[in-house]
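Peer 1: Sequence:
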Amino acid sequence: PKVELKPLPKGLRYEFLGLNSTYPVIVNASLSPHEIETLLVELRKYRKALGYSLDDIKGLSPTLCTHRIHLENESKGSIEAQRRLNPKLKEVVKKEVLKLLDAGIIYPISDSTWISPVHCVPKKGG
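The numbering used here runs 31 ahead of the 1-based position in the sequence shown.
Keep in mind the hints are simulated off the structure, nothing from the lab.
Hints should not be assumed to be uniformly reliable.
As the list claims (entries may be wrong) - Between beta-carbon pairs, the in silico distance windows are:
id, residue 1, residue 2, range
1, K121, G42, 27 to 35 Å
2, G156, H101, 50 to 58 Å
3, T53, G108, 42 to 50 Å
4, K37, L131, 14 to 22 Å
All C-beta atoms in this analysis are idealised placements derived from N, C-alpha and C, irrespective of residue type, glycine included.
Could you put together the complete structure from these sequences and hints?
Peer 2: Put into structure tokens, the structure is as follows:
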């Protein structure tokens, strides 16, 4: 898949695992062409093990492992209103949620009494 490439710090550059500039990886800019080719060959060989995209992530079967939260009988559900997000962050959250939905990692629930808002935490370093 085609992804938007961000500017990299000095000393780093993009190389691509796929054809037509797809599946970018970040490598050290001081590597020789031979070292880069060797690295790319190994990354291609183990691509499924590395999980390049969300589609590569395989979940556990619910029959093997199911998580349950046991509540006391008198506990009641809690619904919190969605917090406002700035427009830039809202667009990022929307893209990420759609990616997770498409990959089957999350799914919509319309009738839950336990709802909490999205909580965004930026990564260190951007």
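Peer 1: Taking each numbered hint in turn, which are not upheld by the structure, reported in ascending numerical order?
Peer 2: Failing hint: just 2.
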